[in-house]
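Number of protein chains: 2
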Amino acid sequence: MENQESLPTFLSSSWYNYNITIFYIPFYQLILHCLYHSLSFINLSISQYLEDKYPHHYPLLPQDIHKRAINYQPANIVSSSIQPLQKIATLKCIEEKISSDPDVKLAWAQHYIKKGFVALERLLKDYAGRIATGDEVYLADLFLAPQIHAAIKRFNVDVTRFPLLSKLNEAYNEIPAFQDAMLEKQPDTTLASAS
Amino acid sequence: MENQESLPTFLSSSWYNYNITIFYIPFYQLILHCLYHSLSFINLSISQYLEDKYPHHYPLLPQDIHKRAINYQPANIVSSSIQPLQKIATLKCIEEKISSDPDVKLAWAQHYIKKGFVALERLLKDYAGRIATGDEVYLADLFLAPQIHAAIKRFNVDVTRFPLLSKLNEAYNEIPAFQDAMLEKQPDTTLASAS
Numbered sequence: 012m013e014n015q016e017s018l019p020t021f022l023s024s025s026w027y028n029y030n031i032t033i034f035y036i037p038f039y040q041l042i043l044h045c046l047y048h049s050l051s052f053i054n055l056s057i058s059q060y061l062e063d064k065y066p067h068h069y070p071l072l073p074q075d076i077h078k079r080a081i082n083y084q085p086a087n088i089v090s091s092s093i094q095p096l097q098k099i100a101t102l103k104c105i106e107e108k109i110s111s112d113p114d115v116k117l118a119w120a121q122h123y124i125k126k127g128f129v130a131l132e133r134l135l136k137d138y139a140g141r142i143a144t145g146d147e148v149y150l151a152d153l154f155l156a157p158q159i160h161a162a163i164k165r166f167n168v169d170v171t172r173f174p175l176l177s178k179l180n181e182a183y184n185e186i187p188a189f190q191d192a193m194l195e196k197q198p199d200t201t202l203a204s205a206s
Numbered sequence: 012m013e014n015q016e017s018l019p020t021f022l023s024s025s026w027y028n029y030n031i032t033i034f035y036i037p038f039y040q041l042i043l044h045c046l047y048h049s050l051s052f053i054n055l056s057i058s059q060y061l062e063d064k065y066p067h068h069y070p071l072l073p074q075d076i077h078k079r080a081i082n083y084q085p086a087n088i089v090s091s092s093i094q095p096l097q098k099i100a101t102l103k104c105i106e107e108k109i110s111s112d113p114d115v116k117l118a119w120a121q122h123y124i125k126k127g128f129v130a131l132e133r134l135l136k137d138y139a140g141r142i143a144t145g146d147e148v149y150l151a152d153l154f155l156a157p158q159i160h161a162a163i164k165r166f167n168v169d170v171t172r173f174p175l176l177s178k179l180n181e182a183y184n185e186i187p188a189f190q191d192a193m194l195e196k197q198p199d200t201t202l203a204s205a206s
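Residue numbers (the working numbering), protein chains in the order written: chain A, 12 to 206; chain B, 12 to 206.
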């Protein structure tokens with residue numbers, strides 16, 4: 012198949028319980044697809060690798076060093092400070108080891124999502140355009156869109172408390188590549204299988 | 012002061028409850044220092060920014076794309092799949108919201124450290140030299156050394172179960188820059204203040 016390529020195996024290890032062996036261009040659509048399905052399916056390692064290998068393809072990062080950093084930060088806040096604490100594997104661990112009360116799990120997830128959203132709202136207020144860091148899709152958007160979507164759909168977070176993130180969410184919902192990547196568009200995937 | 016520079020403010024936001032305003036070269040010593048003090052003090056955003064801004068300084072990443080990816084992956088496993096789940100803020104949250112039993116917190120932290128170490132041991136076995144990805148210090152080492160150190164000193168994890176990580180730990184302990192960065196060398200910092 013054209014546009015098919017294997018990732019290095021160590022980027023698709025069983026750590027993620029998935030086996031990513033092929034991807035399609037444009038890469039950002041693949042990454043979005045994976046992120047909407049499960050925020051732990053793909054991580055910054057893969058987006059960094061793609062950016063290194065195909066710097067002149069559709070870039071995941073802008074050229075300007077300052078703007079690159081503005082993209083790193085939201086991607087890292089989502090992938091290090093929100094997602095690990097609200098992913099299904101973590102909530103299962105709470106259920107099995109600590110408390111079987113579903114309200115405990117939900118409150119835990121909401122706590123970390125809101126804490127992260129406060130930081131993201133503050134961080135992006137000086138840089139956002141139509142989307143996170145201007146008017147073009149970059150790395151920050153790939154991590155933000157699925158996280159905001161998950162907050163609303165899976166964790167019943169009132170995102171209207173975060174006006175900028177709400178505005179970004181509306182913009183993402185109007186971009187065809189983002190619409191196509193959403194979990195709800197994938198008939199073979201259930202919310203319960205996402206982690 | 013020579014070699015003093017401000018980071019962009021959004022990289023040193025109150026999200027981290029710290030105010031990183033200056034750093035010293037060699038950068039990797041600063042990053043190590045921060046990581047040993049508190050794994051959430053600094054994150055991949057800052058190391059990525061430094062690498063973008065000073066690519067010809069002491070590089071945090073090798074030139075080879077495959078070797079770069081071998082460095083991304085351990086850094087991401089530590090910063091996204093271990094550290095967020097064992098940092099003091101998370102353990103405090105367990106204590107306040109779920110269980111005040113100290114054994115619950117310890118077992119929780121140990122679970123995520125060991126799960127991550129299994130993945131790291133498997134990942135690095137084909138690439139390690141004297142240290143994580145060969146014989147030179149790169150990004151992976153900066154994230155691995157403090158995490159292994161914390162596992163032993165703070166969480167009483169039996170690292171001998173992970174022969175490669177044990178070997179790396181011995182190597183790190185012999186590198187002066189790593190020795191100097193360790194928490195124990197800093198008279199003004201207590202373990203309780205690390206997060």
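Keep in mind that the hints were calculated from the coordinates and are not lab data.
These figures come from a predicted structure and were not determined experimentally.
Any given hint might turn out to be false.
Each pair may be met inside one copy or between any two copies, as identical chains are not told apart.
DSSO-like mimics (lysine-lysine), calculated; alpha carbons at most 27 Å apart, straight line [to be verified]:
(1) Lys-103 - Lys-136
(2) Lys-64 - Lys-108
(3) Lys-78 - Lys-125
(4) Lys-136 - Lys-108
(5) Lys-64 - Lys-78
(6) Lys-78 - Lys-103
(7) Lys-78 - Lys-164
(8) Lys-78 - Lys-178
(9) Lys-64 - Lys-103
(10) Lys-126 - Lys-64
(11) Lys-64 - Lys-136
(12) Lys-78 - Lys-108
(13) Lys-108 - Lys-98
(14) Lys-178 - Lys-108
(15) Lys-164 - Lys-64
Okay, the hints, checked on the actual structure:
In this assembly of identical chains, Lys-103 and Lys-136 lie within 27 Å of each other by CA distance neither inside one copy nor across copies; the values are 34 Å within and 30 Å between. Neither within a single protomer nor between protomers do Lys-64 and Lys-108 lie at most 27 Å apart by alpha-carbon distance, with minima of 42 Å and 44 Å respectively. Proximity of Lys-78 and Lys-125 under a CA criterion of 27 Å is satisfied intra-copy only: 25 Å inside one chain copy versus 36 Å between copies. Taking the closest pair of Cα atoms, Lys-136 and Lys-108 never come within 27 Å of each other, the shortest separation being 39 Å inside a single copy and 31 Å across copies.
In this homomeric assembly, Lys-64 and Lys-78 come within 27 Å of each other (Cα to Cα) both inside a single copy, at 20 Å, and across copies, at 12 Å. Taking the closest pair of Cα atoms, Lys-78 and Lys-103 never come within 27 Å of each other, the shortest separation being 37 Å inside a single copy and 34 Å across copies. Neither within a single protomer nor between protomers do Lys-78 and Lys-164 lie at most 27 Å apart by alpha-carbon distance, with minima of 30 Å and 38 Å respectively. In this homomeric assembly, Lys-78 and Lys-178 come within 27 Å of each other (Cα to Cα) only inside a single copy, at 20 Å, whereas the closest approach across copies is 39 Å.
Taking the shortest alpha-carbon separations for Lys-64 and Lys-103, neither the intra-copy value of 36 Å nor the inter-copy value of 41 Å comes in at or below 27 Å. In this homomeric assembly, Lys-126 and Lys-64 never come within 27 Å of each other (Cα to Cα): the closest approach is 34 Å inside a single copy and 30 Å across copies. Within a single copy, Lys-64 and Lys-136 get their C-alpha atoms only as close as 31 Å, which misses the 27 Å cut-off; across copies the closest is 24 Å, which meets it. In the homo-oligomer, the alpha carbons of Lys-78 and Lys-108 never lie at most 27 Å apart, since the shortest distance is 42 Å inside one protomer and 38 Å across protomers.
Proximity of Lys-108 to Lys-98 under the C-alpha cut-off of 27 Å is found in both arrangements, the shortest distances being 16 Å within a copy and 18 Å between copies. In this assembly of identical chains, the alpha carbons of Lys-178 and Lys-108 never lie at most 27 Å apart, being 38 Å within a copy and 32 Å across copies at closest. Taking the closest pair of Cα atoms, Lys-164 and Lys-64 never come within 27 Å of each other, the shortest separation being 34 Å inside a single copy and 39 Å across copies.
Checked against the numbered hints above, the structure breaks hints 1, 2, 4, 6, 7, 9, 10, 12, 14 and 15 and satisfies the rest.
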